[in-house]
Structures are given as structure tokens and as C-alpha cells.
Amino acid sequence: MVGQDISRGLRGYLGAKADSVFERITAGIPWRDFRKMLRGDPPDRPNPRLKPHSESFWLHIKPTYYHESVTRFTHTFRLGLLSTYLFVVELITGLILMIWYAPTPERAYADMVRLLSNVPFGQLMRDIHRLGAEAMVIVVVLHMFRTFLTGSYKKPRQFTWLTGVVLLIATLFLSFSGYLLPWDQLAFWAVTIGTSMAEASPTPPGAGWIGTALFGTSDWVGQFINLLLRGAPDIGAGGLLRFYLLHVIFLPLVVIFFFFFHYYKVVHFGISLPAREEEVGQDTANRVPADKRRYYLMDVAIDEIALLSVVTFVLVAAAAFFYDAKLEHIANPLKTPLHTTAPWYFYWLQGLLKIGDKVFWGLIVPGILIFLTFALPYLDYNPSRRGKDRRYALAAGFLFAAWIVVLSFMGLPLYAVQSPPAEEVVQEFMPEEGVGPIREIPWSELEIGVYDTRTFQGSVPYSELERVILEFKERIAHDPGLPDGSGIITIEAAGPGLKRIKFQIDYTDVDGKPAQFIKTFYLHESSLYWEQFTF
Amino acid sequence: MYGVSRLVIATMALVGTFVVVLLTAAQEPARMERYAANFHGREIEVGAQLYFEACATCHGQHGEGLVGPALNSADLLVPAPGQTRPPRLLAKNYAGDLRSYLEGTITYGRPGTVMPAWGQAAGGPYRPDQVSALATFIMNWSLDPGKQWGGAPERVAIGGVEPVPVVAAVPMATPPPRDVRSADLGKYLFNGPAGCSECHTFDIATGKTGPDLTNIVQNKGRDYVRSSIVNPNGMVAPDHAPGIMPQTFAFALTDIELESIIDYLENPAAATMTMAATPTPAGPLDGKQVAQNAGCFACHSVDGSPMVGPTWQGLFGHEVELEDGSKVVADEAYLHESIVNPGAKIVKGYQNLMPANYEQLLTPEQITAIIEYIKLLH
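Note that the protein sequences, when read in sequence, are chains A and B.
Mind the numbering: the first sequence is residues 1010 to 1544 in the working numbering, read in order.
Mind the numbering: the second sequence is residues 27 to 404 in the working numbering, read in order.
Hints in this document: simulated from the structure, not taken from any laboratory.
On a predicted model such as this, the values are computed, not experimentally measured, just so you know.
Yeah, the Cβ is synthetic: ideal placement off N, Cα and C, and Gly gets one too.
Watch out, some of these pointers could steer you wrong.
[As the list claims (entries may be wrong)] If you want a taste of the chain B side facing chain A, the calculated C-beta under 7 Å gives, among others:
#, residue
1, ALA39
2, LEU40
3, ALA56
4, MET58
5, ARG60
6, TYR61
7, PHE342
8, GLU345
Can you build the whole structure from these sequences, using the hints too?
Next up, the structure:
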């Protein structure tokens, strides 16, 4: 061998060496064909571009070609690929965040503050992680809905659907379990609400004796689940550690495990063709005529690379410029925030809970819904995937989606139990968490004084403070819950760089007696709320 | 030719991502600084909320000091000339920095004074981050120590500002006999040594930290009041936080004193004694008084009776059996070590519960005075 190479001269020898190294990197595609591949020319015969699918690890799980109909973007919107990609993004950013995080109540919040104030790209990583998680929930749900619309869950893909539902639920819980980790008020109370839903779990009839024997109470299932999740009757060090382990180990393992199930089935059965392209009851996804083939290398791969590049750009740019994962005050078990909510993807559950009985609407109904979602491919015996044959199924699907949207709408914080009107007004102008109109005014423009809405006029041109006080005046005057309402805002110095802002609202209560609501805030010069939110 | 436009899009998107990352990188130092400032500001705001809720009653609306020492003062906040620590820390021979001094005092309180332990580590209501926020708020005064900031109208009357009366320290009375049950003794203890009036009043309008006690005995009965004094966290009045009231009254008060206070609460008019100021005695340190102020008697008896800690009666010069079975003679060195480093030698049958910060809380002279007092009890 060496002799032959030498006989071609040193140049020939080095050329052959370079080729062999190149082919090892490309898993069997020679340089000549690689160039042709990039330029979009047809492959040589025999096709060297099939080799990487058997040689390389990353490509062996990808099919060598697809039917051209299923590679059209609008057929699948590549939502499956997108959810997988977002999962990878979450893994990477999550690993980076783990470097600066310890899951104990003493450290978690301080670690978040350190990450945000002292780690380069710390906020970007956190924003991407959070935004990616929310995007992943949306993408996974849309992926499921697309599969429903094209009827792709039907025979022989029933089990693929089932593993997909597991992945959907795992995604929801993955997102939810991450909620608690920053250990701020938002996290603490959202998870308190979430786990107290589990507390409503009924004890099956006849199983009460187990609880009587073991826990001293016959109504034990809900308490037991709660204890299992929280590690104690209330969320504390135990609960945080459990949610952390769920978030970083258990649920990712579930997702990875079921992902391989799911994806193996997808490749095994092929992506279902558009329904009109095959006979009812037939499945020809794996019998692709030669002229309909689109090869993964390099055609479909470029599609995917282009899509993922754009998604990466959108995700990073959105996280950097538009999205800000808030960090509220540190978790305080003694102080319930005025408006507590579950994460938005559980609003529908909150909406259900508002209908009535906690056990029936919060547990039995969602349980039936989840069971139906799992069992859909086995219940829907209609073999046709064509829209006109599936009128009832599609109508039911859209109705279901609309119902979920309506329920989510009912679950909005807007429809939550409202606090007394005076408290709501103050919350609007100076919320417990976040910014609000008063904090948006630069500190130096909060002039010391007593501003009484009954006498306050302000002078044109209004300063920002005057504008907000006039808004406050209007707001109180038009609140039906505050008859004869008037407000006083007192601003005074309370220390170096510190101002005390006191709200007082006087009104006539339902009994016709004078009532008063007072709330005091402090605002420090360097808190810079106005700067952060006027960039 | 396929894929050229897709490749162009992909390349542009990757370059775009790179540009975004570069832009972010350029802003990172300023962003981090802003976030740190924001968090510092938020911490002071939280500290202010806590201070004016809980601390201002004793330390003053301006930190000027009422019952408790002044906090908004240069001798606490500004390093002494040529020193890294302020004069008050130097006077106490405190080796740590100002923050640890403040946090330690807030967390563990000052045993023997009315300053309770506020930290959860010592059974109080506040988490470490709240203690830290309080310290940050207090240290914020160092920018202009001593200055009185603004007024502090607690309630704004409709149409105008109503000045708030400054809470004045109640003068001490000439002590009535401590071993005779009387409403007078109750009044004396309530307003004086027991410190009840720091937090409780008979007038809801003044809004002190503790619940209003008007007709408390008539409404709730003597048993309720008694149990609330000896076990303050057993039943907590609505709108009040557990853990603020000191839990040492069970040790600090005798039965006679306890009943006297309840008598006084039942009928304040029965106490005919007038309150008069007594000058604080000056002179050589009285070891018993020092020990009383330092709260030693909450856990150590001087009559041989068993309490949380070993009794001081017959301690000096005698052999003590330690946890590991070894025996030592309680000499001066042993007593000193046991005060400043209580965990070093644990007496058999007792637990390591004693606060380890007496070296910081007491001056060397005070520690010596306590040892001299224990020596008298042999």
C-alpha cells in the first residue's frame, strides 16, 4: 500500500491521506461528492450519501430519504424536530444554570441574585431557559394538535401517539417543576397552588383503613401525595430538593426514554402521508417511489439546519431584547401575594376548579381528559384520515381546544378572587412585585409632599408624578367599590436615598360607615426600576 | 442547485445570533452593575419595611434610640479614626465587621435586655435574608449618620397631616418588694424590668408591636394570660407574628411576679404607686447584675435547682463530670472558657445550648465580674 502511494509521488500520498481523513469525518462521503452535495448536484452511483446513515451514530437514527409530500413545511411544520431541539436547548442552558445553583432555601434565591448580578450572560442563559421552556410547551401542544388534525395517530401509529402524550405530560411537569427553583414569591406560591390541587385527591372507597392504620387518618391519599411531593406538610427544604431532582434528573430521563420510543416509532412507520395521497385504510408511508424521494443528505438536512438556525436566532434575540424572566422577592411562606396563579399552561385547570367541587372538577374531570387523550387512537375506530370522513372527530377536537381556551381564560388572574377594591387600586399603582406606574417615575422626580386627590389639581405641563396622581384620582373616583372615595399619597424621606410612599384611601363601606385603607412602601434610589423599564 | 437560499437564511440567522450575543456581551458589565444596584435597593426597601414595623418602637423612627440604643449614629456606623471598625464595636471588643455585629445582634437578641432574638436560628420570626435586609437598611444610614429623615406621620388625617407623638421611655419606679404579690409590683415589672410596655399598651390606637391588653384578663381569663406569658407562641393573637415576644419569661419571673403582673392587667387602677425615675447605679461592676442583664439566670440557677444549664451553686472549686466521663475542677480558667466557648466542655447530662457569642456581647471586665460572682457561690 505504502509502496503504491509512494509510486504516485509525495503529493499523491498526501492527497490519499487527506481523503481518508476526510472520509472518516464525513462517515464515508468523499470530498468530491461532498462538494457536489453542498452544491445540490445529484449523487454518484452507487450513492455514497447513504453511507453516513449506517456509519455514523447521529445519522443512523435518521431515515435516508423521505417522501417529498411529508417534507413540505406545512405538512408537519417540523414541530417534532422543534420540540426535540428546544429540549436540547433546555438541557444545555439548564446545565449552565446548574453551575451557579444550590437547591436549598438558604441558598437558592441568593444564588439567583448572584447569577443575575455577577455572572456574565447569566441573565441571558436564564431568559433563554425560561423562554425555551414556555416555547417548548406551546410547540409540543401544537405538535399534538397537528397529529390530531392529519389523523396521524391512526393505525399503525397508535402507540406513537401514546408515547407522545407521555412526552406532553412530562414536558408540562418539567416546566412546572422548574418553576419552584428560583425560590421567589412567584415560584413558591405557584407551586403551593399546584401541589394543593394534588391534596384534593380522593381516597378510593374501601382504602380508608390503610390510612387509619398508617397515618392516623382515613382520608389519606391526598395528604400522602402532597407529602410525597413536598417532603413535608408545607413546601420547604425537602420540597425544593424534590422538585429540583424531578426537574434535573427524573423528568429529563423520562423525556429521553420516551423520546427514543417515540422517535423509533416515527422512523419505523414513517411520517404519514397527506391523507388524500393514499387510499383510505392504507399506509404507504414506507413505500416511497424513487421519483418521490427526497434524501436526508443534504436536502432535508439543509431544511432542518436552516429552520433551527432561524429558531435559535429568534430565541436568543427574543431572550436578549424582549423577554425578561422576572425574579420576585424571596419566597415568604407567611405572606401570600395578592394575586397568586398557577403557570399559564395550568390556567385551564384553575378554570375547571372555579366551576365547582375541587375533587370532581379538579381531579376526576382532568383525569378523564388525560385518559381520553391517551386512549384516543384506540377509541377512534374510523380508519379514514381524510377530513371529510372525520367531521365529528374534527368538530370534537376543535370544540375541545376551544373549551380549553375558554377554561384557561376563566383561569386568568383577572377572574381570580378580587381583594377589597381599595387594595386592588393600590396594587395597580404600586404592585407588591414588579414595577407599576409609581416605580416607573424616576426616584428624584418623586417630590416630597402630601397629595390629596380631593384638592390636587397639578399644573400644566404635568410632571410624571402629577400625571400618575391624576390617574390615581380618576381611578378612585370611578371605582364602584369605593363610594365617596378619596386618596392621599404621602411621599417623605425615610433615610439616605430612601423615600416612604404611603397610600391612604378613604371611602364609605357597604354598611355606610367610613372606612380606610393604608399601605406603606419604601423606594430606594438605587433600585433603578425606571431605568430598567425605559430602555 | 438546491438549498442556496436556505443556506443563505441559515448563515444570516447564525451571524445574527452571533451579533446578538456580542451586543449582549458588550452590555453585560453595565447590566450586572445595574442588577446589583437594583437588588441592593430592594434589600434596603425590605429592611425599611421591617424596621418601621418592628424596630422603630424601641430604636426610634429615625434610629435615634429610645429604649434601645441609637442605631443611626456615627459611633455605630462610621469607623473610628485609623480603625476599620466603629467605636461601639471597639468598645465591646467585637472582632467581626459591622454587618456581622448587626446581624448577630438582630438574630440572637441581647439576652437579659428587652431586645428579643429576631432570627429564626434563635427561635425568632425572621429568616436570615430578612435579618440581612435589616442590617443593610441600618448600614444605609452611614451615608449621613445622625440625620433625622423626614417626618413620620403614622396616620394621615383627612385633609392634613397629623404629627405623631414620639414614644418616650417610661421612667422606672422605686421597686416595690419583689416577694409580695401586689398590683404595684405588677405595674413596676410591666413598665420596668420585664419590659412588657415596650410592646404592649392599654390603648389600641398607639399601635405597638404586641396586642392591646385592655381588659385582657376579663376577656380571656387568667389562665390564658398566664400561658401567653410563659409560652408566647402557644396562642398568637390575630394580626400578630409568632416568635417576637421573648420566650424567657417562664425562667425570668417568679410565680409571685407573674401573678402580680396578671393582677395589674386585671385592674390597672389597683396599682397606686407612681412611677419615678431611678438613676442607674454607677460604680464597680456587680457580677450578679451583669449576669442578670446577660440573661444567665434564664438557664442557670444559683440555689442548686436544676434548670436548662448546670446550677452555679457550689460550682467553683469543685469537680465537674463532663460528657465523656472525664472530670475537671471548675477553676477560673474553666469558667472563663465555659462562658466564651460553651461548646468546649459539656457537663454530663446537659446539652450544648448556650449561646456562643458572650465574648462579643460582654466586655472582659464583665466576664470577670460574672466569674467573681460565681466564686462567691461556692
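Hint by hint, here is what the structure shows:
1. ALA39: 4 Å, holds
2. LEU40: With a minimum Cβ separation of about 5 Å from chain A (threshold 7 Å), the hint on B/LEU40 holds.
3. ALA56: Since the shortest Cβ distance to chain A is 11 Å, the answer is violated.
4. MET58: Status holds, d = 5 Å.
5. ARG60: 6 Å, holds
6. TYR61: With a minimum Cβ separation of about 4 Å from chain A (threshold 7 Å), the hint on B/TYR61 holds.
7. PHE342: Status violated, d = 41 Å.
8. GLU345: 42 Å, violated
The structure is inconsistent with the numbered hints 3, 7 and 8, although it conforms to all the rest.
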